[in-house]
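As a plain string of letters, each chain reads:
Protein chains: 2
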Amino acid sequence: MKKIQIYDTTLRDGTQSEDINLNNEDKIKIAIRLDELGVDFIEGGWPGSNPVDRAFFSEIQNYQLKHARIAAFGSTHHPNFLPENDPNLRSLLDSGASVCTIFGKTWNIHATEALRVSEERNLEIIHDSVAYLHSQGKPVFFDAEHFFDGYKSNPEYALAAIGKAFKAGAEVLVLCDTNGGTLPSEVSAIVAEVRKALPEANIGIHTHNDCEMAVANSIAAVQTGAMHIQGTMNGVGERCGNANLCSIIPILELKCGGAYTTIPREKLQLITATSAYVSDVANMQPFSRQPFVGRSAFAHKGGIHASAVNRLAMLYEHVDPRELGNRQRVLLTELAGRANIVSMARRFGFHLDKDEPVVKGLLNELKTRSSMGYDYAAAEASVELLLLKKLARRGVREFFNLVQFRVLELKDSHGKEPYSEASVRVEVEGITEHTAATGHGPVNALDNALRKALIGFYPRLNEMRLLDFKVRVMTAANPDGGGTASVVRVLIESGDQQSRWVTVGVSYNIIEASWQALVDSITYKLYKDEYEKRKNETDD
Amino acid sequence: MKKIQIYDTTLRDGTQSEDINLNNEDKIKIAIRLDELGVDFIEGGWPGSNPVDRAFFSEIQNYQLKHARIAAFGSTHHPNFLPENDPNLRSLLDSGASVCTIFGKTWNIHATEALRVSEERNLEIIHDSVAYLHSQGKPVFFDAEHFFDGYKSNPEYALAAIGKAFKAGAEVLVLCDTNGGTLPSEVSAIVAEVRKALPEANIGIHTHNDCEMAVANSIAAVQTGAMHIQGTMNGVGERCGNANLCSIIPILELKCGGAYTTIPREKLQLITATSAYVSDVANMQPFSRQPFVGRSAFAHKGGIHASAVNRLAMLYEHVDPRELGNRQRVLLTELAGRANIVSMARRFGFHLDKDEPVVKGLLNELKTRSSMGYDYAAAEASVELLLLKKLARRGVREFFNLVQFRVLELKDSHGKEPYSEASVRVEVEGITEHTAATGHGPVNALDNALRKALIGFYPRLNEMRLLDFKVRVMTAANPDGGGTASVVRVLIESGDQQSRWVTVGVSYNIIEASWQALVDSITYKLYKDEYEKRKNETDD
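Quick mapping for you: the protein sequence lines, in order, are chains W and S. Reminder that position 277 of the first sequence reads as 277 in the UniProt record's numbering, one-by-one numbering, no gaps. Reminder that position 383 of the second sequence reads as 383 in the UniProt record's numbering, one-by-one numbering, no gaps.
Treat the hints as calculated values from the structure; they're not laboratory data. A hint or two may mislead.
No copy labels: a pair is met if it fits in one copy or bridges any two.
Pairs of lysine-lysine residues, derived as BS3-like cross-links and limited to a Cα-Cα distance of at most 30 Å, are as follows [stated by the list, open to error]:
(1) K452 x K416
(2) K255 x K196
(3) K267 x K152
(4) K528 x K138
(5) K533 x K196
(6) K416 x K390
(7) K416 x K196
(8) K3 x K167
(9) K360 x K416
(10) K255 x K3
(11) K367 x K416
(12) K255 x K528
(13) K389 x K416
(14) K528 x K416
(15) K167 x K138
(16) K196 x K528
(17) K452 x K2
(18) K533 x K3
(19) K2 x K167
(20) K29 x K390
Take the sequences, apply the hints, and build the full model.
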């Protein structure tokens with residue numbers, strides 16, 4: 001098994017994403033999780049370019065990392081300075097990072113057009129910068145910027161540039177597809193040429209996703225002999241992003257016949273959670289279709305797939321989701337079947353037979369309600385609640401009943417936003433609770449009032465948070481022909497420390513649709529807690 | 001130049017995405033745009049599996065497509081039927097589609113485990129199904145399900161299966177990576193073997209993105225001789241999605257040295273708009289980092305990149321975004337726009353100079369409000385109104401002023417839907433009008449009450465209809481962290497006999513956001529009528 005170094009640059013190149021802004025605290029949190037995942041190098045930033053990055057390098061020294069080494073990023077020395085007087089190289093050495101990664105120009109047009117020095121002078125700058133850092137006892141990784149474009153336009157010059165870095169002591173020559181325009185067939189051919197020219201050198205790869213090829217290009221380079229991959233969590237990065245380590249690591253671990261090793265194998269099951277954590281800290285909506293780690297990555301919707309995957313998962317799954325800490329999900333649609341309902345009931349401790357009337361009854365109800373616009377494929381928790389309600393005679397209880405709610409919106413010529421107030425009257429175990437609350441908008445006011453009414457009876461509702469709220473207008477389902485009277489579907493995602501769940505509501509009235517999803521969401525939390533409690537009591 | 005057929009399956013395999021639900025109207029709209037883009041085939045659905053798909057095939061016949069041919073999808077015949085009595089094959093022929101695409105098992109374990117017939121019987125089924133459709137005069141495309149997994153486990157059987165389809169008259173043998181687990185190096189090797197075994201056959205490729213390799217695998221297949229690619233717009237599809245045609249088409253057109261042609265070259269610049277349109281109809285958040293067509297695809301954030309790209313775009317851009325109908329964005333600068341504003345003002349009879357303060361003022365306001373979530377690219381009418389308001393001193397009038405509105409929602413344990421009532425007090429030319437109305441939900445009630453208040457002053461509002469109402473929750477823009485207090489954007493499309501216009505509102509309160517868009521919509525109608533009237537008087 002060949003060891004492939006994993007070099008994470010989420011904290012440096014990743015932050016070039018248009019929609020990412022990380023402060024120092026965010027960066028430290030992410031670095032700790034990356035270390036737990038077991039990556040080899042964490043590129044923390046460019047200490048020569050800004051103070052946030054310098055703060056990171058100084059603070060991360062307070063943490064005992066288990067596995068990863070910290071790398072600092074910078075450029076070759078400025079044409080006007082000697083290496084030993086260059087402030088950028090100085091800041092790399094002063095950062096306290098274990099590794100210095102510097103980029104240099106290997107495309108001749110960039111030397112003359114961007115750096116504005118002669119081709120010869122550029123080679124000298126590369127050599128002297130690497131040699132100086134090396135002489136100071138630091139391992140140096142050389143990022144060969146625009147290497148593939150450079151090679152395509154002037155192969156001799158591109159090879160000469162990395163040859164200089166190698167001669168000066170660079171430990172890894174990282175070939176960069178900076179503009180992301182290179183195809184895998186070109187990467188394979190060019191990496192092979194580099195290996196021929198510099199058979200002793202360690203080759204790394206750094207790709208961008210402008211052709212949706214960043215992962216493919218990284219794997220192609222490894223298959224041609226590269227031993228070091230630079231990328232980011234979830235593929236974040238400038239323009240279309242960097243190579244996605246959340247795909248690259250599983251591919252090398254699971255899909256290459258055991259030829260390669262990356263992170264410690266037992267850590268692979270942390271990758272789904274690590275991906276989610278980075279999205280969360282960076283305040284980015286996770287991409288549900290993301291390979292390996294996405295919420296939909298192992299979700300089966302089609303009737304044929306759903307029934308086959310129940311029998312033998314490998315028929316429609318190329319890897320076992322549990323190896324990645326992800327899970328299989330068989331979505332409930334009109335097509336999918338009774339077996340799903342039986343296994344769903346089992347999760348809540350009810351043992352049903354496929355042929356019981358309650359199973360068929362639920363399927364029929366799901367079908368009718370789906371045609372009204374309820375999206376049960378997305379809202380599994382609402383399906384589970386429908387099932388539990390049908391099983392009510394077997395001891396499932398109602399947690400609360402609505403007596404009345406009222407929502408008031410008031411806006412006058414002075415106010416920028418309307419005043420929102422909701423009052424809720426509910427009955428819980430024979431006791432009527434009547435509360436009122438304001439909120440950011442009518443749905444939030446209703447949410448606040450309902451929680452206020454219930455919290456005394458069910459204090460664990462404090463653990464629950466509403467994570468996402470989606471509204472879709474379904475023009476076609478509208479009997480009155482569009483406009484403001486359209487039917488809307490609301491999906492609400494909620495979570496507590498243990499899990500996340502999605503519920504649905506449908507109405508031409510957005511308040512009513514939100515209310516349905518809200519009530520389902522809270523009820524689901526209460527059922528879930530009660531079931532856990534019962535199970536623990538039984539286990540004891 | 002070799003012609004590569006583009007076969008779009010957004011409407012069939014794409015709808016297997018967890019978060020996509022298209023009704024027939026949506027499907028027709030998307031098909032028309034795909035035809036305008038110039039794809040060769042549009043797979044409309046599986047007529048044998050559900051009534052929505054059947055409705056599509058019957059309705060699409062009312063449209064004169066310019067370029068694309070419609071394909072219907074289905075399976076090989078059921079083991080218990082003769083082909084001529086098989087309802088699934090019948091529904092393909094009855095659909096009226098120009099092409100029949102049927103899938104069959106080419107992985108032996110799927111024949112025995114999923115289809116539950118002998119390996120020999122499965123080959124017979126493939127042959128007889130293709131031969132029957134062929135005998136009925138239909139071109140048949142054979143989707144070789146799980147071909148790559150099948151080939152890896154039993155190459156002789158996999159080749160025998162597609163050999164049967166070829167012999168029976170299949171026009172294209174489409175090799176499917178159904179589970180998405182195959183790497184490009186494997187695709188190249190296996191496609192080469194298939195070409196050796198069946199040198200006369202036309203080879204197609206159908207890939208899934210479970211290894212983030214769907215695009216790379218499609219291109220690898222073409223480079224090894226495939227002449228037909230199946231994929232979806234934006235890569236939507238089951239689990240991690242299908243091969244993304246929005247990347248594949250630009251790669252083949254722009255990145256392969258002119259070796260291939262796909263859609264008519266002048267249509268390539270429609271691809272960004274088509275991608276956005278499909279996301280919009282499917283109510284999916286567009287993926288900003290999407291290659292070629294994404295909002296961030298040519299966005300430069302890094303200081304070095306941003307300044308270099310201003311000098312010479314090719315330094316950091318691998319293709320020219322204008323070829324795709326996309327554009328370069330240098331972030332944190334606002335260079336574009338003045339000329340647009342000048343020409344917009346001209347449409348309303350105002351002659352402005354590019355350097356007037358009002359132009360710069362409007363640009364600044366648009367920038368601020370865009371960062372709050374106002375989508376002015378979609379809502380041009382709201383931009384025009386902002387301009388007209390800035391020009392108020394030049395004689396543009398206010399049509400009405402809000403004094404107060406109030407919206408009440410009431411629901412009790414008896415009512416299924418809440419009672420919705422709105423009262424509106426507005427001032428028009430010094431007269432206060434106070435009205436109330438009920439409605440289907442709060443926004444509809446508000447809409448009804450406002451119109452009732454204004455109709456006596458502006459009878460031409462009777463001509464105006466609200467055509468569409470869209471709501472998008474923008475989690476990222478929410479200062480309070482998600483849930484029911486999220487910021488929402490409302491887009492309202494309105495129309496009269498002459499034109500259609502779109503307006504926008506943004507708030508964490510959906511009533512307020514709807515109110516903003518509603519007021520803009522009505523105001524726009526009134527401005528428009530007044531301007532028409534003035535122009536006609538001048539012409540007389």
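Hints, one by one, checked against the model:
In this assembly of identical chains, the alpha carbons of K452 and K416 lie at most 30 Å apart whether taken from the same copy (27 Å) or from different copies (23 Å). Taking the shortest Cα distances, K255 and K196 sit within 30 Å of each other both inside one copy (27 Å) and across copies (26 Å). In this homomeric assembly, K267 and K152 come within 30 Å of each other (Cα to Cα) only across copies, at 29 Å, whereas the closest approach inside a single copy is 39 Å. Within a single copy, K528 and K138 get their C-alpha atoms no closer than 52 Å, and across copies no closer than 54 Å, so neither meets the 30 Å cut-off.
Taking CA atoms no more than 30 Å apart as the test, K533 paired with K196 passes in neither setting, with 65 Å inside one copy and 63 Å between copies. Proximity of K416 and K390 under a CA criterion of 30 Å is satisfied inter-copy only: 19 Å between copies versus 46 Å inside one chain copy. For the homomeric pair K416 and K196, neither the shortest alpha-carbon distance inside one copy (66 Å) nor that between copies (71 Å) is at most 30 Å. Taking the shortest Cα distances, K3 and K167 sit within 30 Å of each other inside one copy (24 Å), while across copies they are farther apart (47 Å).
In this assembly of identical chains, the alpha carbons of K360 and K416 lie at most 30 Å apart only when taken from different copies (25 Å versus 52 Å within one copy). When the C-alpha separation of K255 and K3 is checked against a cutoff of 30 Å, the pair qualifies only within one copy, where the shortest distance is 15 Å, while the shortest distance between copies is 33 Å. Taking CA atoms no more than 30 Å apart as the test, K367 paired with K416 passes between copies only; the shortest distance there is 20 Å, against 43 Å inside one copy. Proximity of K255 and K528 under a CA criterion of 30 Å is satisfied in neither setting, with 37 Å inside one chain copy and 53 Å between copies.
With identical chains, the CA atoms of K389 and K416 are at most 30 Å apart between copies only, with a shortest distance of 18 Å across copies and 43 Å within one. Taking the closest pair of Cα atoms, K528 and K416 come within 30 Å of each other only across two copies (26 Å); inside a single copy the shortest separation is 41 Å, beyond that limit. In this assembly of identical chains, K167 and K138 lie within 30 Å of each other by CA distance solely inside one copy; the values are 15 Å within and 65 Å between copies. With identical chains, the CA atoms of K196 and K528 are never at most 30 Å apart, being 61 Å at best within one copy and 58 Å at best between copies.
Proximity of K452 to K2 under the C-alpha cut-off of 30 Å is found in neither arrangement, the shortest distances being 58 Å within a copy and 67 Å between copies. Taking the closest pair of Cα atoms, K533 and K3 never come within 30 Å of each other, the shortest separation being 46 Å inside a single copy and 64 Å across copies. In this assembly of identical chains, K2 and K167 lie within 30 Å of each other by CA distance solely inside one copy; the values are 25 Å within and 45 Å between copies. Proximity of K29 to K390 under the C-alpha cut-off of 30 Å is found in neither arrangement, the shortest distances being 37 Å within a copy and 40 Å between copies.
Hints 4, 5, 7, 12, 16, 17, 18, 20 from the earlier list are contradicted by this structure; the remaining hints agree with it.
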